[in-house]
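All chains, full assembly: derive it from the sequences and hints.
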Amino acid sequence: MKALFSLVVVAVVVLLTVLAVSTSGGRTFFGTILPFAAIAIFLVGMIYRVVYWARSPVPFKITTTCGQQQSLSWIKNNNLEAPRNFLGVLGRMALEVFFFRSLFRNTKAELKSGPRLVYGDARWLWLAGLAFHWSFLVVFIRHFKFFVEPVPGWISIMQELDGFFQIGLPIFYITDGILLAAITFLFLRRVFNPQLRYLSLAGDYFPLFLIGALAISGVIMRYTTLRVDITDVKLLATGIVTLNPVVPESLGAVFFVHLTMLSVLLLYFPFSKLVHMAGVFMSPTRNMANDNRVRRHVNPWNHPVKTHSYEEWEDEFRDVMKAADMPLEKDVESK
Amino acid sequence: MAESKPKPEKLASVDYRPPSKSWMDVPPEIRLGTFNWAANPANAKYLDLPHVRKWQPTDEDWKLPDNWQQIVLEGLADRLQKYRSLKVFMDICVRCGACADKCHFFLGSGDPKNMPVLRAELLRSVYRRDFTTAGKILGKLAGARPLTPQVIKEWFLYFYQCTECRRCSVFCPYGIDTAEITMMGRELLNSIGLGIDWITTPAANCFRTGNHLGIQPHGFKDSIDFAVDELEEITGVRVEAPINKKGAEILFVSPSADYFASPHYYTLLGYLQLFHEIGLDYTWSAYASEGGNFGLFHSSDMMKRLNAKVYAEAKRLGVKWILGGECGHMWRVLHQYMDTMNGPADFLEQPVSPITGTRFDHARSTKMVHICEFTSDLIANGKIKLDKSRNDNVKVTFHDSCNPARAMGLFDEPRYCIDHACNHFYEMPENTIREQTFCCGSGSGIGTDENFEMRMRGGFPRANAVQYVHDKHGVNMLACICAIDKATLPPLLEFWVPEVEVCGVHELIGNALIMKGETRTTDLRGEPLPGVAEEADATDSVAASDGEEVSKDV
Amino acid sequence: MYDSGKVIIGVLVFLALLLFPVWYNLASGEATTQGPELAKPVKGEACVLETAYMRSNHMDLLDDWRERVVRNGERIFAAPDGQHFEMSLTNTCLDCHADKEKFCDECHTFMAVDPYCWDCHIVPETPTRQEVTYVN
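Chains as they are written, first to last, in the numbering used here: chain P, 1 to 335; chain E, 1001 to 1554; chain H, 2001 to 2136.
Calculated Cβ distances over 12 Å to all of chain E for the following chain P residues:
hint, residue
1, Ser24
2, Arg142
3, Val254
The calculated lysine-lysine pairs, modelled on DSS-like cross-linking and capped at a C-alpha distance of 25 Å, are:
hint, chain 1, residue 1, chain 2, residue 2
4, E, Lys1005, P, Lys112
5, P, Lys112, E, Lys1007
6, P, Lys108, E, Lys1010
7, E, Lys1315, P, Lys330
8, E, Lys1136, E, Lys1153
9, P, Lys322, E, Lys1315
10, E, Lys1045, P, Lys306
11, E, Lys1082, P, Lys306
12, E, Lys1383, P, Lys76
13, E, Lys1140, P, Lys2
14, E, Lys1153, E, Lys1045
15, E, Lys1021, E, Lys1153
16, E, Lys1246, E, Lys1320
17, E, Lys1395, E, Lys1385
18, E, Lys1063, E, Lys1045
19, E, Lys1021, E, Lys1140
20, E, Lys1472, P, Lys112
21, H, Lys2043, H, Lys2102
22, P, Lys2, E, Lys1136
23, E, Lys1063, E, Lys1153
24, E, Lys1082, E, Lys1136
25, P, Lys306, P, Lys330
26, E, Lys1315, P, Lys306
27, E, Lys1385, E, Lys1516
28, P, Lys322, E, Lys1245
29, E, Lys1472, P, Lys108
30, E, Lys1245, E, Lys1320
31, P, Lys330, E, Lys1245
32, P, Lys330, E, Lys1320
Quick caveat, the hints were computed from the structure, so don't treat them as lab data. Even for Gly, the Cβ is constructed at its ideal location relative to N, Cα and C.
As structure tokens, this is what we get:
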């Protein structure tokens, strides 16, 4: 139901775009105003989100330790899983951000007769997640060639590597295939795993469909006869980032669908779970060293609380303590 | 209340299929065996808790205060401002489901609301509705829902079906820590007078007398004196156990169960033996006679209120530093909260072992050292003599307690102690130990009789791993370094693996320790001490602390 | 603890990376709204297929030609308007579009496309400058 709803929303946006770009007003809106607004809202929205998080302090150092702490000199500390210093934290965050270290641990528990709980490998999620994020990143960076002039050499090298196998013409980008395969897996997993389907929200399907539509429209433009004149695409793209908007006439519906899917994704980003892109850097269980007993962590709102002082305590128990011959601070008869 | 305890066969068949209705439409089922009784009003009052009243979870009407919604929502807003963790964890979950089958309560119950992600959604759904734009506009479609009495009942059920063990946080790609969410949920519940008795009463006891069990100073002294007497009977050695001794070098703080419960008691005997043998200048405290801290399971303020005694007492007694006994959540508080809450401990000195001269650099700010760190340093420096064969009657496996594992990274120190105290040590499967260790199922204040079924379900993954090494290697002793473990693993194992007993690491040390002038024929439990009969010819080959590693059969 | 310094650095890095096109174009000063200027063909009235089609899909035609020539041994291409052409990059295409640099490379460089035509084909000598006029 939630999946269907998300699919319908994406379909409606696609349809709306297709209809609108047959008018010149529609072309201006979907070709310049919407993308420009989307970029602005994305940037401001993400910064707003990060600042919203950052306005709350981290009152306690609650590192999750996944390896041996630093203690005695002859016990080897695992600096990447229980960082003892900032370098370790950097390493741990790098592993987390670039290689999804924690997800790599994933197992699947199964209850067999006996009863016996067995834990199998379940790294498909890790693999698909990693494949999706990396290929999306490469595709994203590849697209910079539409926005900049002259195209820097490293983008050309990246393209060349991406098309390394020289399959078809234009040469097939491996990342295009990986991206589509990965989100298909992630979608199917969400639908066919009963637990996952049970806990999923519309907001879990929506980005999958959105990115799916974005990728498919892109693939259509590159690999099919609905191809566009990419020099015109570049004129439009460069126009957006240099504030010189132009909407070349040759660009058709497929291109506008592609652009609109991207715009909607950018608009949706700061208000959705996709903020995990920034949030992963701010996660207090991962981004702090396990040096609690070495350096005191300061809590800015560490307010005083009512305690039971030793004096009050001794006053209450002086008689029994005296009878038991225990040392006292004030050896007086209590009232 | 007469309860029929469930049978293992019944609990072992878990139905993991989620209901057909959306989780928001499934009402919480308050069923005996799966919840905890409400706080005793007298004890709640003693702690000045808000909205104290007589009520029970089984009541239809929980008599919430008139403005309960306002209290909860303002409380949530307040905590969002105080905790970045809460804000970030509310916003960034992608519901990938990696955490789902990592929770012992989900594995044991199959209840989808025990998947960490859904447990968090219980709170997140309310957050969305009142604190996010999407939730305000789209409502249920965005996963938002209004705060109703039913939501509160759901929170009460499921935030007390989480032991704050943090296993899910190890697997989460963003490190989302359900313990953090459960702690916030419990604070909010407590703000409208919905606490449970097994947390409130120990906290009240601890606040008043100094320990969870409510033992008064003279009773505390009796217990320690009794242990000294009994130790003399077992070993023939009279040890000293000073209490509230000013000017001692070290303050020793341990969970109160060590001197009042079994099998904790044998660990206490182990400490006493060890401290005597190395001639440690230390003292117990009757005021800080509790290292554990049920305040952690209540609220950060309560944690701070109870924890304050440790530093205060160290200062009053004029000790140089503090040594801490075997306890799990106690070490979460000591390692991650104490210095921040009640520090800086600038009146103490950086801990240095008076026996080996080792400087404990890793504790130079908090000035508190774990007993396993202390003991393994003694062993490594050859300061104590251990006869491993005296533990030959046991085949040991080690249960990493959640908090020392995932909030400290204390893995190799206890293993080093065990390796040098016994000959037969076998690790459980790797998905169930170290940072992936499974909780006993009864931590965080929910180890009650009325919650028995849920505890057996939650403890099932742990027990099942014990079963594995029991079947494979004949393991008959589960060593651990946590007072809650020692209290709740015995009934758990009796339920699932009746042939395995539970002990502390320092019970093993105590049994293996060769003391000057000892005359021992039994171990600390009064069973015949292996190796003693052959002692005459065994003295030469005593496995003294020579740093020799025992090969681990995994 | 707020770690404001680290957060600000993070935000700045985020902005710097994502606004790469903006500052890169400002720095290069070469961003254009005009697009590449192509050299006019030195002869001929019209291309083998419609110009609009050729602009975006010429690679399909070339690929098709190569297939037919090399694999099938065909030589002649029948255009939809009835004209016949030799299927040859060098002899047909470059016969009119004589200046590779001012024709092919203009767009290919603009779009960072690196076709492998010239892995095999020799680039013919560029005609003298006077012969070349420009499309505005």
